[in-house]
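J.: From first to last, the protein sequence lines are chains A and G. Under the numbering used here, think of the first position of the first sequence as 14, with each following residue one higher. Under the numbering used here, think of the first position of the second sequence as 14, with each following residue one higher.
Hints are not guaranteed to be accurate.
No copy is singled out in the list; a pair is fine if it fits within one copy or between any two copies.
Okay, derived cross-link-like pairs now, DSBU-like style, lysine-lysine, Cα gap no bigger than 30 Å in a straight line [to be verified]:
hint: 1; residue 1: Lys257; residue 2: Lys229
hint: 2; residue 1: Lys411; residue 2: Lys181
hint: 3; residue 1: Lys376; residue 2: Lys46
hint: 4; residue 1: Lys290; residue 2: Lys214
hint: 5; residue 1: Lys56; residue 2: Lys337
hint: 6; residue 1: Lys46; residue 2: Lys62
Hint data in this document are derived by calculation from the structure and do not stem from the laboratory.
Protein chains: 2
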Amino acid sequence: MANQDLIKSLSISSPSKIVLLVIDGLGGLPHPKTGKTELETAKTPNLDKLAAGGICGLSDPISPGITPGSAPGHLALFGYDPVSCNIGRGALEAVGVDFDLRPGDVAVRGNFCTVDKEGRVTDRRAGRIPTEKCAELCRLLDGQVIDNVRIFVQPVIDYRFIAVFRGKGLVPALNDTDSQHEGVPPLAVKALSLEAERTAKIANQFIAKAKTILAKQQPANMVLLRGFSERPNFPSMNEIYKLKPAAIAAYPMYRGLARLVGMEVLETGSKIKDEFKTLTQSFAKYDFIFMHIKAADSAGEDGDFERKVAVIEEVDSYLPQLTKLQPDVIMVTGDHSTPAILKAHSWHPVPVLLSSKWCRPDKVSQFGESACVSGGLGRISATQIMPLAMANALKLNKFGA
Amino acid sequence: MANQDLIKSLSISSPSKIVLLVIDGLGGLPHPKTGKTELETAKTPNLDKLAAGGICGLSDPISPGITPGSAPGHLALFGYDPVSCNIGRGALEAVGVDFDLRPGDVAVRGNFCTVDKEGRVTDRRAGRIPTEKCAELCRLLDGQVIDNVRIFVQPVIDYRFIAVFRGKGLVPALNDTDSQHEGVPPLAVKALSLEAERTAKIANQFIAKAKTILAKQQPANMVLLRGFSERPNFPSMNEIYKLKPAAIAAYPMYRGLARLVGMEVLETGSKIKDEFKTLTQSFAKYDFIFMHIKAADSAGEDGDFERKVAVIEEVDSYLPQLTKLQPDVIMVTGDHSTPAILKAHSWHPVPVLLSSKWCRPDKVSQFGESACVSGGLGRISATQIMPLAMANALKLNKFGA
């Protein structure tokens with residue numbers, strides 16, 4: 014029995030409440046001058062107080078050495094096996110712009126690109142056209158119907174868009190048309206299985222039409238498609254945990270991920286204080302709230318150590334609004350590490366903090382990577398975070414007689 | 014997807030370099046008088062310096078409580094599941110004497126033994142005849158052809174030899190002829206599957222001929238065979254990691270194991286200093302070098318605490334030759350523990366040290382078992398060592414979007 018089936022068989026509904034606070038890209042690496050990570054540099058009296066009364070450790074989003082993307086990082090935190098539950102690029106992109114992706118839809122990520130007179134790609138990103146231009150071009154392509162299949166085209170950002178094919182009998186087993194090289198024409202869509210042949214034909218017709226429609230547009234006179242995929246069919250968090258879960262996230266990608274696992278996505282603002290305000294307003298209505306803070310990851314990816322420190326300090330300053338609500342369980346962690354000195358997601362394990370009446374406190378009194386090494390949780394898989402939260406909320410029955 | 018498949022899907026080739034230094038049997042147990050293990054007793058200023066700037070932990074070659082042989086211990090370090098990738102005794106012995114074992118060959122380990130007039134085994138090891146005598150007898154048996162199958166017979170050490178059957182349609186599903194008891198005749202070879210019946214017949218004919226040829230030899234007048242097996246078919250390290258890997262090992266067994274996973278085996282001398290010299294000479298040509306130091310394990314198996322300490326100190330003294338080369342990642346560990354007070358391989362987890370620009374340093378400043386307990390790597394599976402090395406060498410792409 015997979016672990017998720019075990020949890021499902023033991024979970025019970027109860028009035029107790031869990032808050033999972035995810036500071037995206039939380040884990041870091043030491044600043045060369047101070048030897049302290051972003052989290053260790055930040056002044057975090059409220060997180061430290063929570064750590065002192067709780068239990069800490071380090072978690073691996075996937076397994077040691079593996080750097081996760083945002084989607085697998087979050088799926089692991091929600092208790093889903095991040096490798097077997099991997100989401101295709103097209104579906105993720107669609108979900109990430111709040112597109113209502115339905116079972117049976119085939120989604121693909123698109124680039125506007127530039128081709129020369131012979132049809133060879135000269136710029137895979139069409140000079141990185143701005144989002145407004147992208148939206149304008151998407152409107153030209155949107156709404157076509159080919160062989161009873163309706164095609165939605167929506168802008169993402171810059172030169173990137175999504176195309177979603179909706180109709181009967183669509184199969185996403187298709188290759189990318191983006192060869193990842195310039196100087197050669199886009200590839201034709203080919204079916205990777207017999208069942209996908211009609212879908213390939215429709216996709217090629219769509220591309221041919223797009224080429225005609227865009228012919229006089231410069232520099233974005235053609236499209237490249239990659240990552241044909243469909244909406245994954247995960248069991249919902251309600252099915253597994255018997256929770257009534259909600260998500261507070263400012264960024265569309267995380268709202269989309271939360272929706273995929275059956276969370277209710279709450280309206281909120283774009284700032285950290287907005288999210289905490291939404292938490293206070295909505296706390297009574299749910300027994301599980303996932304809160305997502307994006308800005309720490311963005312600062313890490315920009316290599317901005319100080320800004321990442323500032324984001325963490327800002328989160329800490331609002332923490333009393335969370336603790337005042339007295340949830341039965343508070344978990345604070347990240348979906349992966351994003352060390353500012355690496356300017357990228359990384360494989361380093363992520364600090365995790367569990368605060369509950371029923372946890373067995375350890376000696377960690379400062380929430381930081383070094384301290385968490387000797388925390389009472391030890392080094393765990395991120396997929397174990399939800400079972401621990403559920404247990405501490407007294408929402409899991411005993412296994413066996 | 015098994016972890017090795019995941020790594021394979023993420024690995025990329027790059028100029029960065031990894032050195033895996035394996036001190037065989039590195040882990041130990043405290044000396045009753047000092048309370049310090051062999052590694053803790055040894056003066057290792059260079060390893061300690063590496064530990065202080067790096068990250069340490071303990072690794073389980075297989076799983077807690079399991080004592081590994083040398084083959085599974087090393088396969089785990091190379092990132093192969095040591096249980097599903099277990100190698101048959103005959104194949105391992107053949108590979109261990111540098112025999113060019115090919116796909117389709119069936120190898121078996123042999124003992125020269127003594128039988129009485131009634132054919133009952135009176136000494137399973139023929140009085141432990143010396144290797145020279147063994148080699149002489151092997152020459153008598155070598156080179157036979159039975160039913161188009163050629164049989165190679167080569168000495169290993171003392172009374173032990175290998176027999177390798179080469180021809181078409183051979184199947185190694187055969188029982189041992191060594192009953193492990195004296196006072197009874199050797200067992201006949203029996204096929205454990207229908208497909209193996211011809212191979213059983215050939216093996217029995219070989220044994221009958223050996224009995225005739227050896228009839229007047231004393232005390233080695235018969236053979237016992239066990240561990241019929243074939244060359245395992247592992248994906249190479251190049252396939253999995255996209256590395257150009259080389260091995261520096263003085264002992265044939267480790268050279269053979271390295272060859273099985275596709276490493277280039279470098280010529281080297283029998284001393285530790287020879288191996289470090291080979292490292293310096295060959296470093297430029299490879300992006301992964303496995304260095305194997307045998308003497309620590311031998312000292313442990315002999316119960317010679319002081320000699321094991323001396324071996325570790327000798328390795329430490331040459332370490333600057335390695336660090337001077339500035340590989341991007343250095344991993345120092347063992348394939349298992351061999352505590353001198355146990356005089357045998359053991360199940361105790363093995364100290365592991367990772368040094369790289371991108372590791373998250375911990376507070377360990379002395380490379381030893383007790384210090385490693387609170388190291389930042391925590392307690393890992395030995396199969397995670399290669400993924401960690403690859404990650405720290407920036408040779409693994411991100412998983413998922």
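J.: Work down the list of hints and note, for each, if the structure agrees.
T.: How the hints compare with the structure:
no., hint, verdict
1, Lys257 with Lys229, "neither (51 Å within a copy, 49 Å between copies)"
2, Lys411 with Lys181, "neither (45 Å within a copy, 34 Å between copies)"
3, Lys376 with Lys46, "both (27 Å within a copy, 17 Å between copies)"
4, Lys290 with Lys214, "neither (49 Å within a copy, 61 Å between copies)"
5, Lys56 with Lys337, "within (20 Å within a copy, 39 Å between copies)"
6, Lys46 with Lys62, "both (27 Å within a copy, 19 Å between copies)"
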